[in-house]
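Given two chains presented individually in distinct reference frames, assemble the corresponding complex, making use of the accompanying hints.
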Amino acid sequence: MLFNSPEFVVFILLFCGLYFPLRKRFRAQNLLIVAASYLFYGWWDVRFLQLIILSTALDFMSAIMIERGVVSGRLRSLASGFVLTGALLLIGVDWSGGITDPILFADAQSAWIVAMCATVVVIANLIYFPIKGMSETRRRKVCLWLSVAGNLGILATFKYFDFFASSLSGMMESALGTAPSDWTLGFVLPVGISFYTFQTMSYAIDVYRGKTKANDRFIDVAAYVAFFPQLVAGPIERASQLLPQFAAERPGLDLHRFRRGLWLIAWGFFKKLVVADNMAVVVNATFGPYDGGDYTLPPDGLTLLVALYAFAFQIYGDFSGYTDIARGISKILGFDLMRNFNLPYFATSPSDFWNRWHISLSSWLRDYLYIPLGGNRGGSWKTYRNLTVTMLLGGLWHGAAWNFVIWGAYHGVLLSVYRALGIRTEDGRYSRFTILLLGILMFHLTCIGWLLFRAQNVGTIVAFLEGIILHPVASATTWVDLMIVLKYGWFLVLFQIAQGITRTQDPLHRWHWFARLNVWLFVCMSLFAMSARSGQEFLYFAF
Amino acid sequence: MNFLGQPGWWKRFILGAIWVPIGAEIFLRLLSPVPMLPRYIEAGPHGVRANMPNQTYRHQTPEYTVELRTNSKGMRADVDFPMKKPENTRRIAVLGDSFAMGYGVNLEETSLSILESMLESELHCEVEILNFAVSGFGPAEQLVVLEAETMQYEPDLVIQYFTSTDLVDDVRSGLFRLENGEPVRDGDTYLPAVEIREFLFSFAAYRWLAGESHLYNIVRDSAGTKAKAIIAMARSWKPANQEVVSDAKASPTAPSDDTSKGELTLAILKRMRDVTESSGAKFEVLSVPVRSNRSKFVERFPGDADVHPFITPLPLFEQADGKMLYWERSHGHWTPLGCRLVAETLAEEILRRGLLGAPCKGLTP
Chain L
192 MLFNSPEFVV
202 FILLFCGLYF
212 PLRKRFRAQN
222 LLIVAASYLF
232 YGWWDVRFLQ
242 LIILSTALDF
252 MSAIMIERGV
262 VSGRLRSLAS
272 GFVLTGALLL
282 IGVDWSGGIT
292 DPILFADAQS
302 AWIVAMCATV
312 VVIANLIYFP
322 IKGMSETRRR
332 KVCLWLSVAG
342 NLGILATFKY
352 FDFFASSLSG
362 MMESALGTAP
372 SDWTLGFVLP
382 VGISFYTFQT
392 MSYAIDVYRG
402 KTKANDRFID
412 VAAYVAFFPQ
422 LVAGPIERAS
432 QLLPQFAAER
442 PGLDLHRFRR
452 GLWLIAWGFF
462 KKLVVADNMA
472 VVVNATFGPY
482 DGGDYTLPPD
492 GLTLLVALYA
502 FAFQIYGDFS
512 GYTDIARGIS
522 KILGFDLMRN
532 FNLPYFATSP
542 SDFWNRWHIS
552 LSSWLRDYLY
562 IPLGGNRGGS
572 WKTYRNLTVT
582 MLLGGLWHGA
592 AWNFVIWGAY
602 HGVLLSVYRA
612 LGIRTEDGRY
622 SRFTILLLGI
632 LMFHLTCIGW
642 LLFRAQNVGT
652 IVAFLEGIIL
662 HPVASATTWV
672 DLMIVLKYGW
682 FLVLFQIAQG
692 ITRTQDPLHR
702 WHWFARLNVW
712 LFVCMSLFAM
722 SARSGQEFLY
732 FAF
Chain V
136 MNFLGQPGWW
146 KRFILGAIWV
156 PIGAEIFLRL
166 LSPVPMLPRY
176 IEAGPHGVRA
186 NMPNQTYRHQ
196 TPEYTVELRT
206 NSKGMRADVD
216 FPMKKPENTR
226 RIAVLGDSFA
236 MGYGVNLEET
246 SLSILESMLE
256 SELHCEVEIL
266 NFAVSGFGPA
276 EQLVVLEAET
286 MQYEPDLVIQ
296 YFTSTDLVDD
306 VRSGLFRLEN
316 GEPVRDGDTY
326 LPAVEIREFL
336 FSFAAYRWLA
346 GESHLYNIVR
356 DSAGTKAKAI
366 IAMARSWKPA
376 NQEVVSDAKA
386 SPTAPSDDTS
396 KGELTLAILK
406 RMRDVTESSG
416 AKFEVLSVPV
426 RSNRSKFVER
436 FPGDADVHPF
446 ITPLPLFEQA
456 DGKMLYWERS
466 HGHWTPLGCR
476 LVAETLAEEI
486 LRRGLLGAPC
496 KGLTP
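Chains as they are written, first to last, in our numbering: chain L, 192 to 734; chain V, 136 to 500.
Please note that a few of the clues may not be correct.
EDC-like cross-link-like pairs, simulated, lysine to aspartate or glutamate; straight-line CA separation at most 20 Å [as the list claims (entries may be wrong)]:
{"hint": "1", "chain 1": "L", "residue 1": "LYS402", "chain 2": "L", "residue 2": "GLU198"}
{"hint": "2", "chain 1": "V", "residue 1": "LYS405", "chain 2": "V", "residue 2": "GLU317"}
{"hint": "3", "chain 1": "V", "residue 1": "LYS431", "chain 2": "V", "residue 2": "GLU463"}
{"hint": "4", "chain 1": "V", "residue 1": "LYS417", "chain 2": "V", "residue 2": "GLU289"}
{"hint": "5", "chain 1": "V", "residue 1": "LYS417", "chain 2": "V", "residue 2": "GLU198"}
{"hint": "6", "chain 1": "L", "residue 1": "LYS678", "chain 2": "V", "residue 2": "GLU160"}
{"hint": "7", "chain 1": "L", "residue 1": "LYS332", "chain 2": "L", "residue 2": "ASP558"}
{"hint": "8", "chain 1": "L", "residue 1": "LYS678", "chain 2": "V", "residue 2": "GLU314"}
{"hint": "9", "chain 1": "V", "residue 1": "LYS417", "chain 2": "V", "residue 2": "GLU484"}
{"hint": "10", "chain 1": "L", "residue 1": "LYS404", "chain 2": "L", "residue 2": "ASP491"}
{"hint": "11", "chain 1": "V", "residue 1": "LYS361", "chain 2": "L", "residue 2": "GLU198"}
{"hint": "12", "chain 1": "L", "residue 1": "LYS678", "chain 2": "V", "residue 2": "GLU463"}
If you are wondering where the hints come from, they were derived from the structure by calculation, not from laboratory data.
Isolated chain V, as found in the complex (with noise of 0.2 Å):
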C-alpha cells in the first residue's frame, strides 16, 4: 500500500491539512474545554514584564468568563492614581503573581478590591490599592519593580504575595545572585519570550486566537509548561566536577537544591522590606497556601516564621468546610469565596495591627 500512488492523494492531504486543526478546536470545545487566559504582557520600562496599559480582555474557562482591564500604568484597575499620595488616603502598594492580580475573578471579586472596602469601612479613610502584580513574576522581578516604581508613590503598605513557584521562578529569571547572603543584581533584564509576545499581539488575528482558540491555548500551554520546566532545569544544572567553594561563590543560577533556591528567594523578600521600611512604609508578606484538595491545604513558605514573618490565610481556609475556595479546572486561582477568605485575614491583621496607622477622624468613607 502506497499513499502517494493513490489517485488523489495530494487532495486528501490538502483537506486534511484544513480538517484536521478545525476538528481539533471542536474537539476541545465539545469535550475538553480549554483554559483561556491570555496574558497582555510587554517589556517594562525597567528591564522586566509588564501588563499593557489600557487594556481589556476577557479570560474563559469551562468555570469562568471574567473580564481584565488595565489602567494607564499596567496595573488592573480603572482608574489611574497620581504619583504623590492624596491627603487623608491610606496607600496599600502590592506586589505578586497571577493570585495577587485576580486572576479567576472580576475586578470588584479580588481579594484587593474586598479588602479596599472592609479597610475603607473599619478606618473611615480614602484606601487605595495600587496592583503592581503582573502574571507570572517572582520575587526577583517585584523588587526590581518595587526599588524602580512601587516606592515613588508613597505606600503606607507593601504587600508581596508568596506563591511556592515563586522559589523556582527567582532562579529562573537569574536577575538577582546570592552574595554573602545578599541579593546581588546579576542579569540586567528578564524577558521571556517578550519580544514575540509583544509582536504577535499587535496583531488582531493573533489577539483573537489567543483569546479565543482551545487548540492555540491547549498546544501553547503545553509547550510553555515544558520550556519553563527545560530553563528551570538548564539553570539548575550544575556540571558533576563543579564545587561548591562557599556560599559567596555559588551562583543563585545554579542552585543545588530547593533550600539554595529559597534563600535566594528570601534574601530577596528581606531586601523588598528593608526598601520598604527604609521610606517609612511596612512591609507584610502573605503566603499563598497549596491546595492538596477541597478541604486540604499546605503552606510552602520556606522561611521560619519567626525570623520571615509571614501572613497565611489557612486557618480560614481549613474552616471553609471543603467549599470551593480553588478553581478546580482553570489553573487553580482562587474563587471568589477564596479571594473573600484572603481579603478577610489581611483586612484583620492591618487593622490588628495597626499596619495603616489610626482610623481617620470626621471622614466617611
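Bound conformation, chain L alone (with noise of 0.2 Å):
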C-alpha cells in the first residue's frame, strides 16, 4: 500500500476513525496499530508477514531473557501463540507468486510454514530452560547473540543468499570453466526487510547495554516493530526513543502537532510527486540505454551530468519525502520519529555527509557497527580499515548487488581520504569561501557516488565518467532536461536555503503568517499542477 494509492486514503480514514476515538486507550491503540500495520504490510504481500511476526517473537523474548533472566510462562505463550496463529492463518495462501524455481517450497507451501514456525517455538521453549540456568554474562550473550543471529538469518537468507550464491557460482563457473547447479532460492524481496530487522535487532542490543528497559508488553513491541508509517522505509528507529512512546498516554492533537505533521506530509508528498517523479523522467530517459546494455558515449556528455543531478535529486526527494510523510502521520497519530535527513547536500565533508543523509541508519552503522570494530581506537589504519567495512557493509544493507558494495566501498574511502588530509569542516577553521568550495566539491564526491549507486552495471559508469570528463559538451537535450531539473528542484533548494538559515527543520513558524499561507499555497498547486504523471515506487523500498 503506497502513501499516494487512493488504498491507502481510505485506509488512514479509516484507521483514524477508529484510533482516536480510543485516546484514554492506549493500550486499545497499540493493539489497533498492530493489526492495521499488518493489514498496511500484507497489502504487499501476505507472506512475509510472518518474518515480521517471527522478529517481533524473537527480539521480545530475547530482551527479557538478557535483562532478567526468566520469561513468565504466560509471556512465552503468548510469545508462542502469536507466531502459531500468524502461520496458521496463512494456510492457503498462494505461495507461489514470486518464488522462482522453489526449492524450500516446492510443494504443500503453508503445511511447511506451519511445521517450521512450530518447530521453531519448540526448540525456542526447549531451549528457554537451559538458558535460564546459564550464568548472567554467559545468559546475557546467548540471548544477545541469538537476536542477532535470528535477524541476520532472515537477512541473510532473504535477501543476501541468492546474490552470493549466484556470485559464489558464477566465479567457479569463471576458475573452473564449469557451473554448479542453481543453488539459488528465488526468493523476492521482502518489502522493508532491511529496515524493520535492523530496528527490531537495536532493541536487543540496546537492553543489553542497559540504554533500555525490556518491555515485558508483548502487543507494544509488536507495535514498535510493525509500526505502519515507518515499517517499509524507515526511520530505522531505536527502542530507547520509540518504545516508551507505545508505553504511554499519546499526546492530545492540537492544532500545533496538527499542522506540523500536516505540513510534513504535504512537504513529503511535494518531494515525492513534485521533485522526484519529474526528475525520473530525465533520469529513466539517459539512463534507460545504458540499463539495457547500450553503452554508446552520447557526443553531449553534460547532459549524463545533468541527469546525475537528476538522480541527485530524485533519491533525496523520495527517501526524504517518505520519511517526511512517515514523521507527518506519526507526528498526528501522537509520536515522535526521529530525523532522518538534514540537508544533507549542504555537506562540506563526507563525515558531514552520512551526519545528514539517513540518520538512522548511518548512526545505527556508528553505535552497534563502527564503534565494536574499534572505531577510532586503534591508529589510523585501523581507523580507514573501520571506516571501510563499516561503509562497504552499509553499501550492502542497500542491495545485494556489487553496485551497492561498490558505492560502499567509495564512501569508506572518502571517509578514510579526507581523514588522512585532516579536513575537519565542523571545527570552524576554514573561511566561508573555502566551505562553500568543499560543499561543492562534496555535492559532486556524493553525485559520483550516485552514478555507482544507480548503473547496473560497469559499463555504465565508465561511459558515464568518459562522457562528463572527455566530451563536456551541451546539446538541445542537455538545456532541456536542465530546465526540467531547475523547475522541480528550485523550490526545493531555496527552501532549504531557508531551513539552513533558520537553523530549523520548520522555518514557517517563525514567517508571517500571509508568507506562510503562500508557502503551503504553492506546495498544494505544486502537487495539484505538477505531480508527475507517471507515479513512481518510493525507491528505499527495495532496499
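If you want it as C-alpha cells, here you go:
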C-alpha cells in the first residue's frame, strides 16, 4: 500500500476513525496499530508478514531474557501463540507467486511454514530452560547472539542468499570452467526487510547495553516493530526513543501538532510527487539505454552530468519525502520519529554528509558496527579499515548487488581520505569561501557516488565518467533536461536554504502568516498541477 | 494554539480566502500554464450536443493560441452551406470529435481545409467539406446527427474520424444498445452537463473565466476527468450475480469488457455506412493513431480491417522522422504538420479510389 495510493487514503481515514476515539486507552490504540500495520504490510505480500512476527517474538523474548533471565509462562505462551497463529492464518495463501523455481517450498508451502514455525517455537521453548540456568554474563551473551543471529539469518536468507550463491556460482564458472547447479532460492525481496530487522535488532542490543528497559507487553513491542508509517522505509527507530511512546498515553492532537504533521505530509508528497517523480523522467531517459546494455557514448557529455544531478534530486526527494510523510502521519497519531535527513547536500565533507543523510542508518552503523569494531581507537590504519568495512556493509545493506558494495566502499575510501588529509570542516577553521568550495566539491563527490549507486553495470559507470570528463559538451537535450531539473528543483533548494539559515526544520512558524499561506499555496498547487503523470514507487522500498 | 482564539483571525480568514484563488492563478500562469480549451456547446435539435452557432472564441495553451469560429449551423467554418448541393460541386461531410473539428490549429490549418484545397486542385471541381464534428462526440452521437441532419446536405462522401475514446464514449452515452448485433436506439437524449453549461455560458463573466482562467480550467478538467471515469465505471458495472443470457439481452450500457464496447461501436459504424450508402454516398473511416512518443504510434481501431475497412495515416506518421505531430502539453491534438499528413492520407485515398468521382472538366478551381 503506497502512501500516494487511493487505498491508503481509505486505509488512513478508517484507521483514524477508530484510533482517535480510543485516545484515553492507549493499549487499545497499540492493538489497533498492530492490526493496521499488518494489514498495511500484508497488502503488498501477506506471506512475508510471518517474518515480522518471528522477528518480533524473537526480540521480545531475547530482551526480557537479557534483562531478567526469566520469562513467565504466560509471556512465553503469548509469544509462541502469536507465531503459531500467524502461521496458521497463512494456510491457504498462494505461495507460488514471486518464488521462482522454489527449492524450499516446492509443494504444500503452507504446511511447510506451519511446520517450520512450530519447530522454531518448540526449539525456543526447549532451549529456554538451559539458557535460564546459565550464569548471567553467559545468558545475556547467548540471548543477544540468538537475537542478532535470528534477525541476520532472516536478512541473509531472504535478501543475500541468492546474491552470494549466484556470485559464487559465477566465480566457480570463471575459475573451473563449469557452473554448479543452481543454488539460488528464488525468493522475492520482502519489502522493508532491512529496515525492520535493523530496528528490532537494536532493541535487544540496547537492552543488553542497558540503554533501554525490556518491555513485557507483547503488543507494545509488536507495535514498535511494525508501526506502519515507518515500517517499510524507516526511519530505523531506536527502542529507547520509540518504544516508551507506545508505553504511555499519546499527547493530545492540538492545532500545533496537527499543523506540523500536516505540513510534513504535504512537504513529503511535494518532494516525492513533484521533485522526485519529475526528475525520474530525466534520469530514466538518460540511464535507460545504458540499463539496456547500450554503452554508446553520446556527443553531449553534459547531458549525462545533468542526469546525475537529476538523480541526486530524485533519490533525495524520494527517500526524504517518504520519511517526511512517515513522520507527519506519526506526528498526527501522537508519535515523534527521529529526523532522518538534515540538508545532506549542504554537507562539506564525507563525515558531515553521513551526519545528514539517512541519519537513522548511519547512526545505527556507527553505534552497532563502527564503534564495536574499534572505531577510531586503534590508530590511523585501523580507523581507515573500520570506516571502510562499516561503509562497505552499509552499502550492502542497501541491496544485494555489487554496485552497492562498490558505492559503500567508495564512501569508506572518501571518509578515510578526508581523515588522512585532516580536512575537518566541523571545527570552523575554514573561511566561508573555502567552506563553499568544499560544499560544491562534496556535492559532486556525492553525485559520483550516486552514479555507482544507480548504474546497473560497470559499462554505465565508465561511459558516464568518460562522457562527462572527455566530452563536456551541451546539446539541446542538455538544456531541456537542465530546465526540468531547475523547474522542479528550485523551490526545494530555496526552502532548504531557508531551513539552513534559520537552523530549523520548520522555518514556517517563524514567518508572517501571509508568507506561510503562500508556501502552503505553492506546495498544494504544485501537487495539484505539477505532480508527475507516471507515479514511481518509492526507491527505498527495494532495500 | 487555538486559531479561533487568536486576535483578528477573521481578517486573516477573509484575506486568505480572497488571496488563495488569486495566488493560485498567478502560480499556474507563471509555473504551470494550463491548456484552456473552452467548449461552446449547447443542446442540439436531435437530443445530442451541438456547437453553438455563430461563435468566435480562442483556445490558449502553452503551445499555441488559435481562434475557433462557427457558422450559423455550428459547423467550424466561415461560410454557411445550403442544404441542396450546388451543381459541379463535390461535397464531403465529416463526423467526429475534437480531432475532426480541428482543435489545436487555425481553420486554414485543419486537416479538412488542407484536404479541401488538395482535392480542388486535383479534381478541378468545387469541393465543400462540411464539418459536423463536435468535441467529445462518439460514433453514437454522430449516427444520430448523420441520420437526422447530415444526409440532408447530399454529401458524396462521409468520413468518420475514429478515435480511441470512441468505445467508451458510446458506452457512456447510452444512446444505443446492441440487439442481435444491431444498434438499437436506447436513450432519447445524451446531453451531459449541457444545461448547466448553457446556463453558465450565458454569463459574460463565466465565458471570460472559461477562456482566460488557468485555475478554473485545471479544476474543471480535473473534475471532468474524474466524473467521466465515474460515469463510465457506473455504466460498465454489472452486478456479480447477473448472468449473460445471450447477446440479445446483454445491455450495451453494461458491457463486460473492451470487446463488447468495440462491438457496439463497430455496429454503429456499420449502421453509418448503411445509412450513407443507401443515399448513394460513400462512407469511410479515418482512424486516428494514438501517440506513444514522437516516433511511435499505435493503431487502436477495434475491428478487423477486412471486415471494417479504415484509412490510417500511420505510415506517414511513422515516416515523419520524429517531428512533432501531436501537441504535447495541450490535450494531444494534431499540430499543423499532423493535420497536413492526415489530409495527404485522405486525399491520396480519395483520389486513388475515385471516392468523389471523376475530375471535373472545364472548371478551374
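Q: Run the structure past the numbered hints and jot down the numbers of the failing ones, going up.
A: Failing hints, ascending: 1, 5, 8, 10.
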